[in-house]
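Peer 1: Residue numbers (my numbering), protein chains in the order written: chain A, 1 to 1016; chain B, 1 to 436.
Because the hints were derived from the structure by calculation, they are not lab data.
Please read these numbers as outputs of a predicted model, since none were measured by experiment.
Just so you know, even glycine gets a beta-carbon here, dropped at the ideal spot from N, CA and C.
Watch out, some of these pointers could steer you wrong.
[Unchecked claim] Stretches of chain A that chain B covers, calculated by requiring three or more beta carbons in the stretch to come under 8 angstroms of a beta carbon on chain B: (1) 628-641; (2) 797-805; (3) 872-880; (4) 885-891.
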Amino acid sequence: MAAQAALDSYRVTAIIVTHDGALWLPETVAALASQTRPIDQLIAVDTASKDASKQLLKSARIQIINAERNCGFGEAISLAVDSMKPSSEEKSEWIWLIHDDCAPASTALEYLLESIQERPQVAMVGPKLLGWHDRTHLLEAGISIAGNGARWTGLEPLEYDQGQHDGIHEVLSVSTAGALIRRDIFEEIGGFDLNLGLFRDDVDFGWRARVAGHSVLAVTNAVAFHAQASATERRIVDVAGAFLHRPLLLDRRNAAYVLLANSSWWMLPWLSLQLLSSAMLRSIGYLLAKLPGYASDELIAVASLIIRPNLIFKARRARKAKRFVSSRIIAAFIPPRWSQLRLGVTAMVEKVKVFLLPSSDGASGSIVDSNEDDDLLVPTKNLQWFGVLRKPAVLGFVVLAIFTLVASRNRLGSLIGGALPASPSGTHDLWHTYFESWHQVGMGSTNASPPWIALLAIAATVLLGKAGLLITLLFLVAPLLMMWSILNLFKHFTTNYWISVPASFLYAISPVAIAAINSGRLGTLAVLIIGPQIPLLLRHWKLIELHSWRRIFGLSMLFAVLYSFTLVSFIIAFSAAAIAILIDYLSFRTEPNKPLFLGRLYKRLTVVFLPLLLTAPYSLEAFIYPSRLLAEPGISTAGGDTNLVLLANPGGIGAMPWWLVSPVLLILLVSLFSSSSARTIAQYGIGFLTGAVFFSAFSISAHGNSASSRVWVGSFLVGATIAAATAGVVILDRLREVLIASNINFRHILAALLLLLTALYTIVTLGWSISAGANSPVQSNSPTVMPAFLSVENETKILVLREVGSEGTKAVQYYISRGADIELGEPDVAPRQIPELVAAAQTLIDGTGITSSKVLASYGIKYVFVKTPFDPTVIQTIDGLGGFTRASATSAGVVWRVTGVIGRLVFTSDSGVQEILEAGEVGARTLVPGAGTVTVTEAYDRSWQILENGYRLPRVRSELGLPVFTVTEAGEISLIHDGTIRRAWISLSLIIWVVVVILALPAGRRKREISEKELA
Amino acid sequence: MKFKNSFISLGILLFSFIAATILGATVSSKGYSETYPAVVCPPTLPGLSSAISLSSKKTRYQRLSNRSSQTVPFNVLRYPVIKDSLVITSQGVTPVDWQSRSGSWAGAVLCTGPEQTQWFVGGRSDVTSRGRLIVVNSGLSNAIVDVQAFSEKGKQPLKSLNVKSKSYAVVSLDTLATGDRDLVVHVVPRSGRINAFMVDEQGAGLKALGGDVVNSFANARKVLVIPAVPNQRGKGKTKSVSSHTLRIMTTSESGASFTAEVLSSDGRFIPVGFSSRALAAGKVIELSLAPKISTSSFALRITSDQPVVAAVSSTVTTNSHRDFVWSTPVEPLEPMKIAITGLSPLVVVAGDAIAVKVEVTLINGKTVHATIKGSDIATWRAPASARSLTILQTSKDTFASALVISINGYGYFPITPGSSLTRVEIPHSNIRVLNP
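Please construct the entire structure, taking both the sequences and the accompanying hints into account.
Peer 2: This is how it looks when you write it as structure tokens:
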């Protein structure tokens, strides 16, 4: 009775604000009517609802105050409070704020009042808010605001209410939905800020109440169910200041307003920065989720405050007048930054976990669902660890891993050889090669770096920048990756692991796979690993309209990765698209369906040509130098002849010998006349093989090799090998049943022959790979070509002569070194040869080069190095030619110093006297002694510029193809290579990448698109 | 048809294969540059005189000491060399240098391109020796040359010479194996454009014992053929009879066994004591050779189980003074051209079945053709007005040398090209050279 009396000492006026809330209003009104502690007075403020809200209120005989449609929540409450007569009784007067979409539990008011009985300092008390639809879902139990303006509840998303937050807590504020506020304090601190029409008015009020010396409580015994209709865009927000009726914009703007209006002065710069940066980050996030509206809301919200600072100043003045205690008392309620971070990370990890490890049925049952009796009755299974080896997939991977380790015993270190140059010491060098506009290779070049360099640099970052380790690991685990990749593909063709695993194993030891690893072909390796994913992701190539645009953009990115490594993939994609478009057109002519035809056309063209843009300018340069379309990353070394290629062996150095015939061709031929789907797959395989055979007849000169060498057709053969392996799997999957069901016929013989050949191939290949094959051209810790003493002088150009090739095919070749061996990426940007230099090198060797030394000196070549072993006649010839002074003769080779004035930057005075100027690696800042010319001994390029006194010096191209600048007076000059064009290309391709990534990512949903069930 | 697409696929594959095979077979990226290196003639040492036989007045040369790259034409067909060595761009024609000391001796030597290795079998290091080894560096860089001498006492200490660019060094033979009699010298340049020449002069007190320019050869072999050994038979005015000495050494470290066979118009035979004769490793031996033959020259074929170097020294008398000639082994004959202006040599050809077609260009520009035929040995004398001898065609395993008689003495030179056509593969620029 005493308790009831205590409750009766309060006068509670419930104020319900309605705005198109007819959907929720009946339950809200019913909830108010059924309170165990009855409400003393009920006032409704209707903000010109367009639905039946008003009628519902009238029928419930509730006093209604009519307000404008753009009337904010605070203003509506003020209207109601103003209309309330002062209580004549000596009761403590409280107002209970009710949203039209908030239904308090019947005991809500009773518990709220109970909580304040012994707490006279409380100005505001609020209930625990639960979801409207899922009433176990905890929405709020007190609220705060984070430094970045986020609404902070301290709860996890969709947190289940198990009473874990129960109790009476001091909080910064509580939601206005169900908040019980002392009327006198409400009026004393000026009610809600009318600048906050909707959203965050609760936080603001709580903050102001606290600094006015009052307390705010969250009482979890009191419960209310809240639909959050405005925040979840279930209704239009019409309050004044809600630009374009956008709730998010209003929320963000108000959050910033609250922080800036209430925080201490000294916090404002930091807060502004935080608000701005978090708005930017959230905008990017929304853009990635393809929600540009939300992204703009974030930015406009902050901007709208910045352009009206007087609002903040006014608000701060008003708060200062009412402040009773220091703002610092709020600090206890502001969430620390780490807790926001922790919550964000937890949510992210949870999402990734759900995506990667979807829980299988019965895998982990709820503890509630478990039957303890069952546990006692079912005998415990003793799983023996080696039992996993009985699984074919595990067995296959273990065997392949052991085989790879043995076969790679000479490749356990920094790899070099074949087509693979030395790895740079760190990621920085890879990035440098990718970004720089001028490459110090040979006489220098401006060729665009292939994007695979950037991909490797990104991957090497994971290994703490160890590029060499990345390459070693890549070549070591490549067979396993290949097997894993194609095993995924085979899962769609058979459920029998005893077929798919051996077939995957065979793929990993196919001739093209072994040759790619042995000869250091990064491009083919990438195709071997990624290739099997293409048919998996592009299952409906013929009916491409079945693939969503998102998938098309995703595929474009995958193709871009392949294009980055080898543009042969573009040739393949282009050919496939051309054939498919032709077929589409023929079918369009018989059955005209223009939208379907155009839809297919656009998607096919996107898959083929968008990756070209993503890999620009490297890919586009290939159309100027078409040989690059057929080139592989690294050093250009010849592939095998046509006969070898027909047997699916790409040939060249490191390839398996001709007598080791793989069953690829045989399987394709057999499958071609199969009655199953293997026939179609085999037709694709034959197509790839045809391409391989056709292009194997071509010879190209690319990547710093001026001599023509046979095209390496590894990438085509990957296609043929994938097709053969898949066709084999399809045939074998149903062959067993067919053979059992039929008498012995040609199928039995053919199958036996095929299996026998395959087994034979496997055994011999394994044997060869771990014996002769282990001494492949790619080896670890090979000695360098350039002796260390030649690297001492920085950026010295050296003409290197060497006999290259195996016994019988040796040829004298040369190149200009910058003091050290070449590194990854450098052959890909190597320049074309300069005719004058070619002539000088040739005449140097044949002994007719009387002027060779002069030409070499003009190009800044300081030394000639002949690497042993070498024809002694040529050494004697060079000895005999003028202009070369022997500098050394060691076991590494013979070095001559070229006589003359040799430097990177040579000044020639008007009187003809030459002088070497100081020069850096690319650019330089140095002094010229007077009028004359400055020659840069690098290949001519328009981007070479010399500035003197802020002006560009006139530049001409010398007869030798070098940039020559005319200097008119003595002074300081700056040599630069202007990389604006390169930077522009990188920026453009980055923008295109971002756009495509956004388009490929799953789209976010607007709040109004999220079902109420999901929202709880 | 069920398998229509399969047959079409197969047909396209076959077509591609055939087309690719045809296309691929035509791919060849190799190119070659062919040049004749300039040849170097020896300098004329004090007291000697020399003249170079040329095939054309337009042949260009420069003096060794001339550092510019400019060459000038000879404008004559026989050019007297005052002192300096000459570098001649003879374009495949081998000039012959005739050196003599007036009234004492004469000798001939080929002007050759730079050599990788040269063996000289000849000269002495004892008190009678007046001989010298001349090392010419015709390159524009300094050169280091190793000179390794062998004598009857074995291998001598290695001597390394530093020869400045465009100059020559003269080494007295008596410094190579002081006091020793039988000398073999191996010249190996470590760097530089090197040619070496050996002048072997002998005397006892004031009495000249003759001399010769020793021709070199490149490699020790298991089979050596010396096609022309002069053989004075004691007829005519001089009544003198040649004595022959075979100087031989094996380069093998384990010794060798050799057999020497005389080829002459009188027949083919092994002189007594020259069958399966043992040779100690690294030691030079001299064996007296006195075949009883009636012809003015004979050839010697040496076969050994290990590589050997050898030469025959023959005494001759001219105008009542004594001279000697070193006959050295030669390479098998091949088509070539040699300048013989003013020499009128006796060409001696040795082989099992000799058939050599030659063309002689006379000073007046006319050409004369001849065929030298025979077995074992055949001789043919070039016309006195001949300026060049061209070997047009030759039988297999045929060897040829020439003997020249002058008032000062006898000369011998091998008929081998002094400057071979150098076929160098045109190098390609390839960044691969910078990768191990």
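Peer 1: State for each hint whether it applies.
Peer 2: Results for each hint:
1. Only when three residues or more bring their CB closer than 8 angstroms to a CB of chain B does the claim for the stretch 628-641 of chain A stand; here the count is 4, and the claim holds.
2. Proximity of the stretch 797-805 of chain A to chain B, defined as three or more residues with a beta carbon under 8 angstroms from a beta carbon of that chain, is established by the 4 residues found.
3. Judged by the Cβ-Cβ criterion of 8 angstroms, the stretch 872-880 of chain A is covered by chain B as claimed, because 8 of its residues qualify and three suffice.
4. Counting residues of the stretch 885-891 of chain A whose C-beta sits closer than 8 angstroms to any C-beta of chain B gives 3, which meets the bar of three, so the coverage hint holds.
In this structure, none of the earlier numbered hints is contradicted; all agree with it.
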